[in-house]
Amino acid sequence: MATLVAGTPWMRIRVFPELGPPFLFRRRFRRNLSVRASIDSDVPVRVRFAPSPTGNLHVGGARTALFNYLFARSKGGKFVLRIEDTDLERSTRESEKAVLRDLAWLGLDWDEGPGVGGDCGPYRQSERNAMYKQYAEKLLESDHVYRCFCSNEELEKMKEIAELKKLPPVYTGKWATATDEEVQDELAKGTPYTYRFRVPQEGSLKINDLIRGEVSWKLDTLGDFVIMRSNGQPVYNFCVTVDDATMAISHVIRAEEHLPNTLRQALIYKALGFPMPFFAHVSLILAPDRSKLSKRHGATSVGQFREMGYLPQAMVNYLALLGWGDGTENEFFTIEQLVEKFTIGRVNKSGAVFDSTKLRWMNGQHLRALPFEELTKLIGEHWKSTGLLTESEGPFIDEAVLLLKDGIDLVTDSDTALSNLLSYPVHATLTSPEGKPVVEDKLSEVSASLLAAYDSGELLGALEEGHAGWQKWVKGFGKTLKRKGKSLFMPLRVLLTGKLHGPDMGSSVVLIHKAGNYGVVAPKAGFVPLRERFEMLRQLDWEALNQDQPALESAATVSN
Numbered sequence: 000m001a002t003l004v005a006g007t008p009w010m011r012i013r014v015f016p017e018l019g020p021p022f023l024f025r026r027r028f029r030r031n032l033s034v035r036a037s038i039d040s041d042v043p044v045r046v047r048f049a050p051s052p053t054g055n056l057h058v059g060g061a062r063t064a065l066f067n068y069l070f071a072r073s074k075g076g077k078f079v080l081r082i083e084d085t086d087l088e089r090s091t092r093e094s095e096k097a098v099l100r101d102l103a104w105l106g107l108d109w110d111e112g113p114g115v116g117g118d119c120g121p122y123r124q125s126e127r128n129a130m131y132k133q134y135a136e137k138l139l140e141s142d143h144v145y146r147c148f149c150s151n152e153e154l155e156k157m158k159e160i161a162e163l164k165k166l167p168p169v170y171t172g173k174w175a176t177a178t179d180e181e182v183q184d185e186l187a188k189g190t191p192y193t194y195r196f197r198v199p200q201e202g203s204l205k206i207n208d209l210i211r212g213e214v215s216w217k218l219d220t221l222g223d224f225v226i227m228r229s230n231g232q233p234v235y236n237f238c239v240t241v242d243d244a245t246m247a248i249s250h251v252i253r254a255e256e257h258l259p260n261t262l263r264q265a266l267i268y269k270a271l272g273f274p275m276p277f278f279a280h281v282s283l284i285l286a287p288d289r290s291k292l293s294k295r296h297g298a299t300s301v302g303q304f305r306e307m308g309y310l311p312q313a314m315v316n317y318l319a320l321l322g323w324g325d326g327t328e329n330e331f332f333t334i335e336q337l338v339e340k341f342t343i344g345r346v347n348k349s350g351a352v353f354d355s356t357k358l359r360w361m362n363g364q365h366l367r368a369l370p371f372e373e374l375t376k377l378i379g380e381h382w383k384s385t386g387l388l389t390e391s392e393g394p395f396i397d398e399a400v401l402l403l404k405d406g407i408d409l410v411t412d413s414d415t416a417l418s419n420l421l422s423y424p425v426h427a428t429l430t431s432p433e434g435k436p437v438v439e440d441k442l443s444e445v446s447a448s449l450l451a452a453y454d455s456g457e458l459l460g461a462l463e464e465g466h467a468g469w470q471k472w473v474k475g476f477g478k479t480l481k482r483k484g485k486s487l488f489m490p491l492r493v494l495l496t497g498k499l500h501g502p503d504m505g506s507s508v509v510l511i512h513k514a515g516n517y518g519v520v521a522p523k524a525g526f527v528p529l530r531e532r533f534e535m536l537r538q539l540d541w542e543a544l545n546q547d548q549p550a551l552e553s554a555a556t557v558s559n
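Note that the sequence shown covers residues 0 to 559 in numbering that gives the first Met the number 0.
Do not take every clue at face value.
Stated by the list, open to error - Below, a list of computed lysine to aspartate or glutamate pairs in the EDC-like style, where the Cα atoms sit at most 20 Å apart:
{"id": "1", "residue 1": "Lys348", "residue 2": "Asp440"}
{"id": "2", "residue 1": "Lys523", "residue 2": "Asp414"}
{"id": "3", "residue 1": "Lys513", "residue 2": "Glu398"}
{"id": "4", "residue 1": "Lys74", "residue 2": "Asp208"}
{"id": "5", "residue 1": "Lys165", "residue 2": "Asp208"}
{"id": "6", "residue 1": "Lys217", "residue 2": "Glu255"}
{"id": "7", "residue 1": "Lys498", "residue 2": "Glu439"}
{"id": "8", "residue 1": "Lys404", "residue 2": "Glu392"}
{"id": "9", "residue 1": "Lys478", "residue 2": "Asp440"}
{"id": "10", "residue 1": "Lys340", "residue 2": "Asp325"}
{"id": "11", "residue 1": "Lys74", "residue 2": "Asp84"}
{"id": "12", "residue 1": "Lys383", "residue 2": "Glu339"}
{"id": "13", "residue 1": "Lys348", "residue 2": "Asp325"}
{"id": "14", "residue 1": "Lys357", "residue 2": "Asp412"}
{"id": "15", "residue 1": "Lys478", "residue 2": "Glu457"}
{"id": "16", "residue 1": "Lys498", "residue 2": "Glu531"}
{"id": "17", "residue 1": "Lys513", "residue 2": "Asp397"}
{"id": "18", "residue 1": "Lys404", "residue 2": "Glu380"}
{"id": "19", "residue 1": "Lys376", "residue 2": "Glu398"}
{"id": "20", "residue 1": "Lys173", "residue 2": "Glu201"}
{"id": "21", "residue 1": "Lys291", "residue 2": "Asp325"}
{"id": "22", "residue 1": "Lys498", "residue 2": "Glu390"}
{"id": "23", "residue 1": "Lys513", "residue 2": "Glu390"}
{"id": "24", "residue 1": "Lys498", "residue 2": "Glu444"}
{"id": "25", "residue 1": "Lys376", "residue 2": "Asp405"}
{"id": "26", "residue 1": "Lys74", "residue 2": "Asp325"}
{"id": "27", "residue 1": "Lys513", "residue 2": "Glu439"}
{"id": "28", "residue 1": "Lys357", "residue 2": "Asp405"}
{"id": "29", "residue 1": "Lys481", "residue 2": "Glu531"}
{"id": "30", "residue 1": "Lys291", "residue 2": "Glu256"}
{"id": "31", "residue 1": "Lys96", "residue 2": "Asp110"}
{"id": "32", "residue 1": "Lys340", "residue 2": "Asp354"}
{"id": "33", "residue 1": "Lys164", "residue 2": "Glu153"}
{"id": "34", "residue 1": "Lys483", "residue 2": "Asp440"}
Hints were generated in silico from the structure; no laboratory data involved. Model, not experiment: these values are computed from the prediction.
Make a model of the complete structure from these sequences and hints.
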């Protein structure tokens, strides 16, 4: 049974008696070492996401954070956020704030970490240096590490020799076997030194990765590695091991690019007598050309997608499907459903391709799944903020959203959708190759009858009655012209909307009529009211159109 040993007031380290005392690595290491998780099954699940605040939160990092979050929530465990800011030159508080903001936007709330606190803090590596030095000294006392006084020139020479001999660039200096007297002489001179970890020259190490299965490395390719630099700063792999152990992390779920680090970390775990966590290395996110996703492929950070108008729930849903699935054809999940269904066993070890087209489609699904009041509020506020409308709510906004929502995948798409509805490019349509068959189908006769209906007040009276009035009027109009179906509705669509395609024509025309009455459309929208549309129809030179000639210049002037 595991026991708890208190360290500093905020630190608890799990020590497993069955491990015995730390191994002395000099030359008595077993030829093959199999490292298995030594966390009890009844120990609470604790996972961590540990970003470096050196830039924006990449979608790959966000996916890793999400998998940790889902695993913790599905197991009733804790999700810890730790900031790995040991790269003092590149780490900034601005980047840290951006990462925290993006995680919060995604809805990945952490149980311990910056801004929240917890029993295992501090949660920034830059604030934990005293602890790293404490454990480095412990390893020095147990002879797992030694002081290395080699200069950069000496190390570079060793590397060159190894390259000439086509050997791995392992450390071959004298300090691994130096006498106490030699060490004391260098200390007396004030010679800078690093702490190097003793690695056996023979044997191999195996781990059982929860995603990748058994993974092994030969120890003779590693060489003695540095855990503390000569300036007193700890090296990444040492920090991570100490942090994960002292924070009682039970499962380390991270990107596959960290898999090679596991060898060094496993050796440090064993040397310090720490219990080994479970490891799970998630595949990389790939670009469509199957290279590693990078800035050259377009937007790659969570912040960029947020600014482009994507919904957090859509981002979470899509990121979850990059390498995971529940075994069904379903692709639409809320975060609550993901927590319920997520298992590490269903995470794929092959790379997942980031498809921006599918992400856009998925965002549209989530956008239209919002309660209608929330959707209209979101789009109405956007229309007002972009200067298309003078109001953000009201009956016109409600009807416009209801009519246009099926063509909107991003909130920003709503600008184009509304502008298209309000515009009247009738001249471009009539003179286009696609519009020619409509013109040749006696469009001028339909136009004359439509103008007559407008001038008599018959059409406007019908539009005042809304959709029911429109349907009644168009049925009678079709009987008068002896037209129905496409031969009726295509000419009417072109004459009233100026386009060959679009949302429901009746609803569109009714809404165009209301737009002229409500006074909520701003000049920036380029709105052409019905009155101006009919004036433009009067100016058309149908003879010129039928002869494939441009419409009258006066009509184009009216359009402008």
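Exercise. What are the numbers of the hints that this structure violates, sorted from low to high?
Worked result: 1, 5, 11, 12, 21, 22, 27, 29, 32
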